[in-house]
Amino acid sequence: MADTTGRATTGPATGPVNGATAATGVYLYAVAEEATGAGPVDLTGVEGIPVRTITRAGLVAYVSTVPLDRFGEEPLRRSLEDLDWVEETARAHHGVVEAVAETAPAAPVRLATVYSGDGQVRDLLDRRRDDFRAVLSQIAGRREWGVKAYAGQATSSPGGVPAASGAAGTERPEKSEEAESPGKAYLRRRQASLRGREERWREAAARADHVHAALAAVAAADRRHRPQDPRLSGRPEWMVLNGAYLVEEGREEEFAAVLDTLRGQGLDLQLTGPWAPYSFIAVDFGAEAEDTRATDTEGTR
Amino acid sequence: MTTDPEDGRTFHRPPDLFPDRPSDPFPGRMAGAMPGATPGGSRDAPRGAALAEAGLLPPERVALVDLLDRLLAGGVVLSGDLVLSIADIDLVRISLRALIMSVREPDPTERGRPD
Numbered sequence: 000m001a002d003t004t005g006r007a008t009t010g011p012a013t014g015p016v017n018g019a020t021a022a023t024g025v026y027l028y029a030v031a032e033e034a035t036g037a038g039p040v041d042l043t044g045v046e047g048i049p050v051r052t053i054t055r056a057g058l059v060a061y062v063s064t065v066p067l068d069r070f071g072e073e074p075l076r077r078s079l080e081d082l083d084w085v086e087e088t089a090r091a092h093h094g095v096v097e098a099v100a101e102t103a104p105a106a107p108v109r110l111a112t113v114y115s116g117d118g119q120v121r122d123l124l125d126r127r128r129d130d131f132r133a134v135l136s137q138i139a140g141r142r143e144w145g146v147k148a149y150a151g152q153a154t155s156s157p158g159g160v161p162a163a164s165g166a167a168g169t170e171r172p173e174k175s176e177e178a179e180s181p182g183k184a185y186l187r188r189r190q191a192s193l194r195g196r197e198e199r200w201r202e203a204a205a206r207a208d209h210v211h212a213a214l215a216a217v218a219a220a221d222r223r224h225r226p227q228d229p230r231l232s233g234r235p236e237w238m239v240l241n242g243a244y245l246v247e248e249g250r251e252e253e254f255a256a257v258l259d260t261l262r263g264q265g266l267d268l269q270l271t272g273p274w275a276p277y278s279f280i281a282v283d284f285g286a287e288a289e290d291t292r293a294t295d296t297e298g299t300r
Numbered sequence: 000m001t002t003d004p005e006d007g008r009t010f011h012r013p014p015d016l017f018p019d020r021p022s023d024p025f026p027g028r029m030a031g032a033m034p035g036a037t038p039g040g041s042r043d044a045p046r047g048a049a050l051a052e053a054g055l056l057p058p059e060r061v062a063l064v065d066l067l068d069r070l071l072a073g074g075v076v077l078s079g080d081l082v083l084s085i086a087d088i089d090l091v092r093i094s095l096r097a098l099i100m101s102v103r104e105p106d107p108t109e110r111g112r113p114d
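Keeping their order, the protein sequence lines are chains Y and B. With numbering that gives the first Met the number 0, the residue at position 285 of the first sequence is 284, and numbering never jumps. With numbering that gives the first Met the number 0, the residue at position 15 of the second sequence is 14, and numbering never jumps.
If we strip away everything but chain B, and leave its shape as in the complex, we get (with noise of 0.2 Å):
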């Protein structure tokens, strides 16, 4: 859907719907992986592994709600002699309730319910 994810970068994984990974309450990935090692030693393995699974997602992997943090409260904020003059304030209400309307449409559940 989105324009151009060809930009020549490589992706070790796969897509999903959801960026987020599901709940890993004990993440201590390497855990078995080192059945004699020392708890010192044991920290060198996954050191930067974290970050360089997370890095390099594809534009679209980014979850929308994300990049709205971002695009929505950071980045250069201009004005004055703009086409446009549309208030901070604006953009993220209008922008997160439409978000949040979409989320709640397509759901079955809510609209079966007898109230």
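Same shape as in the complex, but just chain Y (with noise of 0.2 Å):
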């Protein structure tokens, strides 16, 4: 909190300032290995603020000065609910990324990364200078693909609750079986409704596998994110992959038609991309690195 051995920039926030707490924080967005040409000029980062790079040990860090009255813990947590600012932050913060990994290759930092002072940063790089190196290393030459399945139909998951119990009765078969009451019947038909669903989504969800497979073929890593929520996606149908994959750029060519090949066979595929690859560095540099989240990601050949 006291470590203000950077320049003293003086940002916009000059409001309360209780004792030795500083005013300003430091945004982290991307490190990257130091340009042999120019890097990226005029950039501004998270609420138009400009951004400056630091430089140590071969690497640079691009960040900028932010307010701690704002980008303080307490005003972080609660501008995280307020969705308008996670989005310009989440956009700001990917913008100064996309311009850095375009000069060189760089390696993105999860969103919301405040230091106290330049020299943290400074130290940062000095630490942790083979850490970032091997993963710069990886991602060199490299760009991240996304690629979405979506399969035809328009229902909710097995797991998720059955569309409103209008539509088993919506369909009546005439009563074959006299016999049979209202009530088994209609069990008779939830049943077979359900298992008919599971069976489609089992399919889709083998299609889904197999055309990961292959994208993964391709490319030189690969990681699957979570679907995302159809709430989210603004799609009703299932999402059956939600998948990223780290190509090679001599390569694109091939994963452009190894997908191409893949099209049409009842699934929808929609790519997104290129990428900086965020996917593909979720590494925690952390004192006590959780290995939970490091391991899926590790398919890198």
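Source of the hints: derived by calculation from the structure; they are not laboratory data. Computed from a predicted model, the values in this text were never measured in an experiment. Honestly, I wouldn't trust all of these hints.
Stated by the list, open to error - Quick partial rundown of chain Y residues pointing at chain B, CB under 7 Å, derived from the structure: (1) LEU110; (2) THR112; (3) HIS224; (4) THR271; (5) SER278.
We put the CB at the ideal spot given by N, CA and C, even for glycine.
The two chains are supplied separately, each in an independent frame; assemble them into the complex guided by the hints.
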């Protein structure tokens, strides 16, 4: 908190300074190799604040000086409840990462990482130089592509609440057996419908596995994100694959060709990207790393 | 709304609300374009087209949910000497709750329900 070894940047926040609390923090976007050419210029980051660099140990950290009355822990907790803020911040963060990644291999840092001063960031680059180097060499010359697959049916997933009970009652088959009570008939139809849905789900999931395997075969690394909730994806269909693929730039054509061959086989495939390789540097540089996180990402070959 | 789309790149798709294209069950988009082409030859045309088409989207064209997948589940995680010590899992939960609430809220059909 009291570390102000960096330039005394007078941020816009000169508000309530109580005691030794510094009024600004250092928001970290990404760490890149020190570019041989010119890096990006005139970048603006979160809240429109200019982006500057901190260079150390052959690495460059892209940062903004941010007011702690908005980027301190408590204000951030509140802000994270505000979707507009989250969106603007995420897009600003992303904008910086993208610009940096275009000029040099860059390791994006997770959203909302704030240090108390430049000195801490320099210290980080010193201490973690080898880790950053390792990460950066993995992603050099590669870009991330996203492929999402939707199953055609606009129904809820098997685990979910069955779409209104009316759905089961709409089609009333003529009573083949007079003896069957309406209740039994309902249950039978209901079970059949559930079975059918589960079957369709399994089929779609198997297709998704196939798609993923085929794409992963062309990729240097792959990762499956959690499928997006329909409320977030904006699409009612099942999302059966939310994949990320780290692809050599020289193999992108091949990747696209494989993707094309996978289309029209019952899944709607949607491509996003190119992304900075966010999904492939989910590494925890924390002191007490929980190794649960990095495990599913280490598909790098 | 977002701050800096002016990075000088060119974008060849007009903005629309969702980058997700409408569902296309038969996206053999070149199908009609090559009446006499051999099956083998037909692959050359679309090669790379999908990537080119999806590439180079300006930052605000990226769907927020795709972005959050990556910003909240990817990237270098630092801890220790930070001003902030927001637990990772907290961040995900908070943000997604905010998202879901915002998706639900403006839906008038939900509010009009008798129950």
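Quick rundown of the hints versus the structure:
1. LEU110: 4 Å, holds
2. THR112: 5 Å, holds
3. HIS224: 5 Å, holds
4. THR271: 5 Å, holds
5. SER278: Cβ of SER278/Y sits 5 Å from chain B, so the hint holds.
Of the numbered hints listed earlier, not one is contradicted by the structure.
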